[in-house]
Structure formats: structure tokens, C-alpha cells
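J.: One letter stands for each residue in the lines below.
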Amino acid sequence: MRRLIALVGAVLLGASSLEAQTQTKMFDLGVLFGQQVFDKATALESTPFVGLSASYELPWNPLKLAIKGSTFGLGLAVDVSRPVTDGEQFPVVAFDFGDTTFLYAVAQRITLIQAGMQAVAGIPIGKARVYGLIGTGVYSMFMDPRSVGKNKKITKPMATFGGGVNYAITSNIGLSAQARVAKYTQFERSALDATVGYIQDRRIRDALPPPHPTSSTPTNLQFSLVFKYIPGGK
Amino acid sequence: MRSSHLTLVAAVGAAFVLAACQTDPISGPSKIVGEPMLDMVFGPAGNSAFPVISGQRITAATARDTIEFSVSSLPPTGAGVTYQIVLVDTATGTTTAPSSRIIRTVRGRRPVNRDSSVATARVDTSTAAQFSIADTATTLTIRIANTAIPNFTHVLLRASGEGSVPATIGSGRTGFLQFRYRTGTTYAVQSSVFGSFALATANRLPFSVSAFVVNANFWGDQIRLSVRNMIRPPAGFRYAAWLVDERTGTATRVGGILSPVPENQPLDDADLGTGKWYTSVGIIEAQVRGDMKALNVKPQDYSFLTLALEPYGGTATPTRPGTSYVLSATVPNSVASRSATPGKVFGSVTSSTPGRSVLNTTVYLQGINMTVPGQVGSASATGTWQFRAVPTGMYKLYAIPFGDAVIRDSATVTVGSRMVNNVLTGDSLFVTLRIP
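If you're matching them up, the sequences are chains A and B in order.
Position one of the first sequence corresponds to residue 1 (our numbering), numbered consecutively onward.
Position one of the second sequence corresponds to residue 1 (our numbering), numbered consecutively onward.
One thing to keep in mind: the hints can contain errors.
Straight-line distance between alpha carbons at most 27 Å, and here's what the computed DSS-like set of lysine-lysine pairs gives [claimed, not checked]:
(1) Lys153(A) <-> Lys40(A)
(2) Lys153(A) <-> Lys64(A)
(3) Lys183(A) <-> Lys153(A)
(4) Lys68(A) <-> Lys127(A)
(5) Lys31(B) <-> Lys40(A)
(6) Lys153(A) <-> Lys31(B)
(7) Lys152(A) <-> Lys31(B)
(8) Lys344(B) <-> Lys396(B)
(9) Lys150(A) <-> Lys31(B)
Because the hints were derived from the structure by calculation, they are not lab data.
Since this is a predicted model, take the numbers as computed values, not measurements.
All chains, please: the whole structure from these sequences, using the hints.
T.: What follows is the structure, encoded as C-alpha cells:
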């Protein structure tokens, strides 16, 4: 986790230095805070997340002729969250004490990092700017070593799209409300099963309701506030 | 560095510190599911007695031959269910349901005093081709005197849940208890076999206790029982779980077997039915689910849970489980410990004859559905008597004067319970018994 934070910090500082070398008014940085709502098929519970985004406004804008003042850029986005698995989507485990057995649902808190590239297109409406984004990237799930008994990480591709509204507070500070869809691919819910290290109970097979149908391509939602910083102002 | 840069770096730093410092109090087995399971060791029942035929003999006579045999340990029948007496010829499959002499003996035992008891027997005789059973302690002596006896080979008992007796039986199974009495042209009585009968020996399925028990437990308000690889019940029979209290004889039917979760469909046709849960000889997997709230039972009021055989059909299920216990388990300590501490039943014996001594009047206590006494005592010179430890439940009290052999008075008592100093305590009851 510390290595990860250091890496992200390095990217951020690198981006800051890069900004110094680029033209002003072409670059923006964002800090995201929000809530990630997972598809029920993932067996992950909703969780807050934090993230960073950086985008570079391209001098060439395909929308420029159609919409005056529109922008088009490419950027990077990364976010981190620590969701908890819903133990009731996995088998229950049994703890036997003489003639009494306790049944437990087993959850684990994972670390989820989603990172990728995205294209952002926006149009101005007064002091606000409506924008849409689409991109691709990867999601990495770092399992709880105490639950799965080893260091385990799963990284798979994902696609993203979404949009938001940005309001310029000052010439170089903005605030956005953003919604984004993260469409996972090659997702395996069973990989999140933390009951492996315990004795799964096979006696009361309906101790829990049937789990939600799983999917290899779950659709997750992110709702966030983005604090945007535009070096040099715009 | 400009202040706006510092603001950005501070915001990023705060966000990542927040994410990194999130604690993990809910990793692991942190959420308990349902009530604790109170497990039972469920296995072959040690106190079972399956239906058996004994004393079979055949008497040849010029006018007509006679077959006589005794049947015991037949499970009680529900309303509308009878056992049919059938003669079968295995060569042709033809059958007949001969009218038979049925001598019914219900045996019991009651004390004379604290040190001795007498066996009791109630006998009645009837003539019929079928009969029902109400009491587990019933033995039947059946006498078939019929000119058709030489035309058949086997005596077969069927349960009427299978339907009326057919004129011929095919290759399928039918009946639950049989013995051969004729081979070729010679009478030769053989031992009886409990299990499904068929014309071909290879198709018959003698019953034996076999099952792999997955679990048996009390789980909240539910009783759960799961078994695998259980032999099919004899034709006309099904499996049903019962809670039984050996102290009072109280028994409550929990329910029949069902297909596994999540199907939960009745497997009452496990004797002869077809389906994905059956093989030719067994039941692959089954379960019993009992809702104690719906049944209005408290598990601590019972001493064991059993999976027993019972005849199906009729308009109602049997009121007693009989003794065909296939599997059983003692109620676990974790459940039994919820019982109230035993109560006390005490009282006096009075005589309506002035000057008559009540000393040594035998007083005994018997569970309301039991056929044998539970506790026996005798009255003092002043007529007092007591039973110090009586588990909660319903009982009958009887009084037999000293030197007498006849019950002269009886009373029904129910030992309930109440909280005394936060301890569930059995009631103390005073009862007066009167003798002549």
C-alpha cells in the first residue's frame, strides 16, 4: 500500500513538473472524492473512494467547428478505494463448539485501484462547463492477506465512460460533479471468496438466501466531487 | 512554491492518508448467520423394533388348510389406513385377500406394589381381510383358513395406502412384510422378511437401516435433518421425523422427508416413486425441515428425535410413531438444559371406609401416553406419598390398595413450570386419591 501511495505521489509530482514545462491554460489536475456503487454481481459493498485526474487539452479539437468554446483533451485518472466484500454472497463457515455450531458470513476488505486513460470533451455554458468522458484502463484488487492467506492481486481491463458539470470558482480553481461508469471485464467473484481458510458449512445450505447472479462484466458507478486546479488559470 | 500548489499537494496527501489508514474491523468471519446450530448425533436407532412375523405354521386338512402367524411391532395406522392380508402366488402373480381370524392382544404392565408388577393383556377377536393398529404394544395373531391356500405361495401384508388389493401383481414391488409357506407342491414355512415384496426375488428390497447423516440439529425455531444414500422405505410406507419424550410418551410428528434445498418437495413416494432423487434401491439425498413454532413444541420437552417408518394414505397422519425407528438422536444437552428443574407430585390417600388402613397403598405415576409406569411409591400410615422429581409433562396417577390388584382411583396431573428466583422450576402439585 505504501509503495502504491508513493507511486501515485510520484506520478502527481511528475505531472506538476510536466505542467511547468507545458503551455499554460492547457493542463488541469483534479482531486476526486466520492462514492463507488458496485454492481451486485461483484459482491462488493459501496464504499468511498479518492482519486486523481489529469488532462491535457489538445490544440486540435474536432468539436471546435461545431461548438464554439468547446474543449477536447486526453488525460489520466486513478482512484483508490477499500471496499468490503458482502460475506452473504459466499458460503457460510462453521465454528463448532461441542454440540453448538455457529455460522458466520466471511467478509474481507480489499484495496481497489482503478487507473486508465480517458478522452474528455466539454462545452461551456456560462461559468460552467458540461463534459463527457470515455476511456479504458485496468482495475486491480489487492486481497486481504489475512483472509486469503497470501499476497494476492488481480488486475484486469476495464472501460469507463461518464460525464459531469464543472463550475469555475476562480480562474484556476473549479469544482465538478461527476458520474462515471466503470465496466469491468474478466471479473471473477469467486476470487473474492474469503472462506477458503475456514470450514465451509454444508449442512444448512439455505442459511443464506441465494447469492445475486454473478457476471464477468459487472457495471459499477462512481459519483464524485472533483476539485480542479488549472495551473496558470484559464 | 505557490499557495495553489501547496493546496493541491495538501488535498492529495490528505486523500491518500485517508484511504491508507482505513482500518479493517470487518474482515474475516464477522457476521453471525442465524441462531447457533444445536447439533445432534443422529445414527441408527438402538431402541427400534421393526414389524416381524413369528410363530408361522400351516396345518393341512381335508376340508381346508390353515395358516397361523403372529405379527408384532406394526406401526400405528392413521385414520383411514389399514393393513391388508394377501395371499400371493409368485408363479402367476395372482392374489387373494382372504377373510381371516384376527386376535388382537394389547400388552401392558402395571405395578402391584413398589417391588412387583403384573403384565396386562387386552384381547379381542374379529374376522376381516384387513385391520388397523392404534397401539404400538399390539400383537396380532392371524389365522387364515381357506381352501385357496394351496394355490398360493406367500402371505403378504400390504398397507392400504398402496390401493386396494389387485387381482394380480406385476413385476413391480408391493407389500411390506411377507413369508413363503409353499414351495412347489410342498408346504414349507420360511422366515418373514420386512421390506418391499416382488414376484421375482431379485426385485425385492429387504429393508435395512442405512443412511449417511449429513446433519441433524435444532436451528433457531427449526429442526433440520439431512441424509444421503438412504434405503427406500418398504412399499406402502414413508419416512417421517418425530420428536418423542420417553418420560411421558408424548410424540409430535415433525414432518416427512423432502428433496434437498432449494427444491424442498415431499418425497412421500420414496417407496415406489420415480424421480431424480431415487435410485432403484435408495434415496440419494433428502432432508427434514420442522418449524417448532408452527408445531407449537419446545424441543426441551422431548428426549429424542427419530426418523421412523409409517404407513401412508388415509385421511390423517398417524398420531403415534410406533417403534420402527430408523435413525434417532438424543436431544443435545444444549437443548435439554433449557428444561425446568423437575417438579414434585405429592398428596394423600384417603379411604371412604372408616378405620380402613391406607398404609402401603401403591401409588404410581405413568406418562400420559406410556404403557409402563414411570415412578412407583406407597402411602404412609397417614396416607401421604410423594414423587420428588417429576419432569414437566402430563401424567396419570393410580392408586391400588394394599392387598388389592385393581386400580381403585386415578387422576390426571400436568406438571408445568414457572420462574423461581430466575430458575425455571417444575410445579409442585398436591393430589388426593380416594380408595374404598
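J.: Hint compliance check: list the failing hint numbers for this structure, sorted ascending.
T.: Violated hint: only 2; rest satisfied.
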